[in-house]
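Start from chain A and add chain B according to the hints.
Protein chains in written order, with this note's numbering: chain A, 1 to 351; chain B, 1 to 351.
The set of hints was computed from the structure by calculation and includes no laboratory data.
If a hint is listed, it holds; no wrong ones were tucked in.
Repeated chains share a single entry, so a pair holds when one copy, or any two copies, can fit it.
In silico lysine-lysine, BS3-like type, Cα no more than 27 Å apart, as pairs: (1) 164 with 120; (2) 279 with 343; (3) 305 with 60; (4) 279 with 329; (5) 223 with 74; (6) 329 with 305; (7) 253 with 103; (8) 120 with 173; (9) 253 with 133.
Number of protein chains: 2
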Amino acid sequence: MNWALIMAGGAGTRFWPASRLARPKQLLPILKSRSLIQETVSRISLLIPPSRMIILTQAKQIDLIRKALPQIPKRNFIVEPVGRNTAPALALGALVVNHRDPKAVIFCAPADQLVIDAKKFLRAVRAGIETAKNGGVHVTFGIPPTAPETGFGYIERGTATFKKSGLSVYEVKRFVEKPKLNRARQFLKSGKFFWNSGIFIWNAAWFLSELEKAQPALLQQLKKAVVSHQALRKIYPTLENISIDYALMESAKNVCMIPGDFGWSDLGTWSAFDKIWPKDSLQNASRNRLVSVDSSGNIVDGDSKLVALLGVNDLVVVSTPDAILVARKDRVQDVREIIDILKHQRLEQYL
Amino acid sequence: MNWALIMAGGAGTRFWPASRLARPKQLLPILKSRSLIQETVSRISLLIPPSRMIILTQAKQIDLIRKALPQIPKRNFIVEPVGRNTAPALALGALVVNHRDPKAVIFCAPADQLVIDAKKFLRAVRAGIETAKNGGVHVTFGIPPTAPETGFGYIERGTATFKKSGLSVYEVKRFVEKPKLNRARQFLKSGKFFWNSGIFIWNAAWFLSELEKAQPALLQQLKKAVVSHQALRKIYPTLENISIDYALMESAKNVCMIPGDFGWSDLGTWSAFDKIWPKDSLQNASRNRLVSVDSSGNIVDGDSKLVALLGVNDLVVVSTPDAILVARKDRVQDVREIIDILKHQRLEQYL
Numbered sequence: 001m002n003w004a005l006i007m008a009g010g011a012g013t014r015f016w017p018a019s020r021l022a023r024p025k026q027l028l029p030i031l032k033s034r035s036l037i038q039e040t041v042s043r044i045s046l047l048i049p050p051s052r053m054i055i056l057t058q059a060k061q062i063d064l065i066r067k068a069l070p071q072i073p074k075r076n077f078i079v080e081p082v083g084r085n086t087a088p089a090l091a092l093g094a095l096v097v098n099h100r101d102p103k104a105v106i107f108c109a110p111a112d113q114l115v116i117d118a119k120k121f122l123r124a125v126r127a128g129i130e131t132a133k134n135g136g137v138h139v140t141f142g143i144p145p146t147a148p149e150t151g152f153g154y155i156e157r158g159t160a161t162f163k164k165s166g167l168s169v170y171e172v173k174r175f176v177e178k179p180k181l182n183r184a185r186q187f188l189k190s191g192k193f194f195w196n197s198g199i200f201i202w203n204a205a206w207f208l209s210e211l212e213k214a215q216p217a218l219l220q221q222l223k224k225a226v227v228s229h230q231a232l233r234k235i236y237p238t239l240e241n242i243s244i245d246y247a248l249m250e251s252a253k254n255v256c257m258i259p260g261d262f263g264w265s266d267l268g269t270w271s272a273f274d275k276i277w278p279k280d281s282l283q284n285a286s287r288n289r290l291v292s293v294d295s296s297g298n299i300v301d302g303d304s305k306l307v308a309l310l311g312v313n314d315l316v317v318v319s320t321p322d323a324i325l326v327a328r329k330d331r332v333q334d335v336r337e338i339i340d341i342l343k344h345q346r347l348e349q350y351l
Numbered sequence: 001m002n003w004a005l006i007m008a009g010g011a012g013t014r015f016w017p018a019s020r021l022a023r024p025k026q027l028l029p030i031l032k033s034r035s036l037i038q039e040t041v042s043r044i045s046l047l048i049p050p051s052r053m054i055i056l057t058q059a060k061q062i063d064l065i066r067k068a069l070p071q072i073p074k075r076n077f078i079v080e081p082v083g084r085n086t087a088p089a090l091a092l093g094a095l096v097v098n099h100r101d102p103k104a105v106i107f108c109a110p111a112d113q114l115v116i117d118a119k120k121f122l123r124a125v126r127a128g129i130e131t132a133k134n135g136g137v138h139v140t141f142g143i144p145p146t147a148p149e150t151g152f153g154y155i156e157r158g159t160a161t162f163k164k165s166g167l168s169v170y171e172v173k174r175f176v177e178k179p180k181l182n183r184a185r186q187f188l189k190s191g192k193f194f195w196n197s198g199i200f201i202w203n204a205a206w207f208l209s210e211l212e213k214a215q216p217a218l219l220q221q222l223k224k225a226v227v228s229h230q231a232l233r234k235i236y237p238t239l240e241n242i243s244i245d246y247a248l249m250e251s252a253k254n255v256c257m258i259p260g261d262f263g264w265s266d267l268g269t270w271s272a273f274d275k276i277w278p279k280d281s282l283q284n285a286s287r288n289r290l291v292s293v294d295s296s297g298n299i300v301d302g303d304s305k306l307v308a309l310l311g312v313n314d315l316v317v318v319s320t321p322d323a324i325l326v327a328r329k330d331r332v333q334d335v336r337e338i339i340d341i342l343k344h345q346r347l348e349q350y351l
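For reference, chain A alone in the conformation it holds in the complex:
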């Protein structure tokens, strides 16, 4: 049967002041009225029923996440005792699924990504499930790049080996870690490099056996951990903080890639909305009421307030009920530094 594993552990500090400890990014209604995690679950539920969706999250978010997803059975929520990286998380999810359904094919995705074209997305996932279902191959989704992004890992595709559901499935030549700008420009130009979306599809049993070969200690520990909540709380914090790319994919044979031309964004920082929110003639992106004079390239979320810009360029302006952020667009990845000051000044109410 087909299963989904939704990873909803992130704190999303990069979207401060909209995201907070108590309201991480996946719980924000970024584009529509529903939150990102609700959109993610709703999108995939046309292929996979809520009874076969596993939500992986953290203790401090579990209440809000369960409230946001009432259609998912209580036993399908797994609480990570601490945040680890994607290798422990994906392995934990696969073990749980495999225990319930030894023949499971498992679609794995972060809860907080944006997909504009759900139809194209589902077609790609269907092709991925077809490709992965009998094991023997890791299925990844590569996003055709639209800019020389240095914040993503890249996947270099090889030849198209076959078609599934009408889509070409490519061999993966190699995974490349976040490149410098010059290299990212070459990648963009070549047409052969794709952004690593962090979405995977596996036959769960085959994936676990492959991971066991590559990371025997990790699997050994996790198998002990899943026997009880108590064991999980004890063992999980001791696991290595390691990404699935590093733990398995970069060295794996039999990796294939399906191009994901479905309007994807990982929504890494506020600057992602440059390509998502409606723009005026001077490239000011906003989803609320905006008035501007001699201002261009700004990204504005006034919440319920009118925002007026006068002679300013390339800023991010975000208003929330208790805090306002004004940042240079090329500095928004450093919003963490604001959070550090808030912590230092004991302004916990804003965290």
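Chain B in isolation, oriented as in the chain A frame:
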């Protein structure tokens, strides 16, 4: 007797979004919890009782202004049918005062200026009243410049002719209209040029006779206008829009100046707060909670919100319950353009 004439007619669009049609600048609590007009009246009331204060304002503001100043008798509020310039306003006020008290000495000041040192201010006003009381001389107050401002008219002082209340009273050599930057720099350097504060003291009867010589038509019309509300409403709008500087002072003999070293600001635009609100080590001025990273020279009023700045310089950020302004500091004088757009887009609720 000593009288005060407080000019409270301005709309203060330059302080949008804090100032609105229904809440002009003089009604804003800019520095303290009381509004500027309350501060102005309270400051002068140590010399002049509320029963001898005349408030000149406009119909759309009269209710709020009267509410702000319950100590002032109802008959002391004069409504200008339309906004005219300072010559008609000062002459109208002087006629009203002169009618009630033919021996009046009249202190005239805008309602929306800031004075930090009330003690020094009162000392200067006392010297001014002493100088002006018997007529024969126009008393002005010149502010020692602290920057080469191009937004003010200047007064060039001549010799110190005598002392009153321990203060030197200077002859005025000439009035100079708003200078270009280079000239303003020379003015600043010379030590002989002072900002024209728009504060005057006159013997009312003598002032009216001088104005009648210089502007006979204006006085003739105003004398007809003050006989009834009806006449005022009919005649006042026909008067010339002319400043007192242009109508009288620039050509007058017998003008003297008292230096006003009392922490004065006309609060012309948001950038005035650069010198008024507390600053952090990177010259960010704010009267509310501010957190900043790699940001300098900003002026911030977050109202009840925390404002966080990241990598931005020389901005003005103002938040109100329904609107936010983000402007380059050297463009704040153009906030009028925002208001024009709001009108054009029929967003009247923000005016």
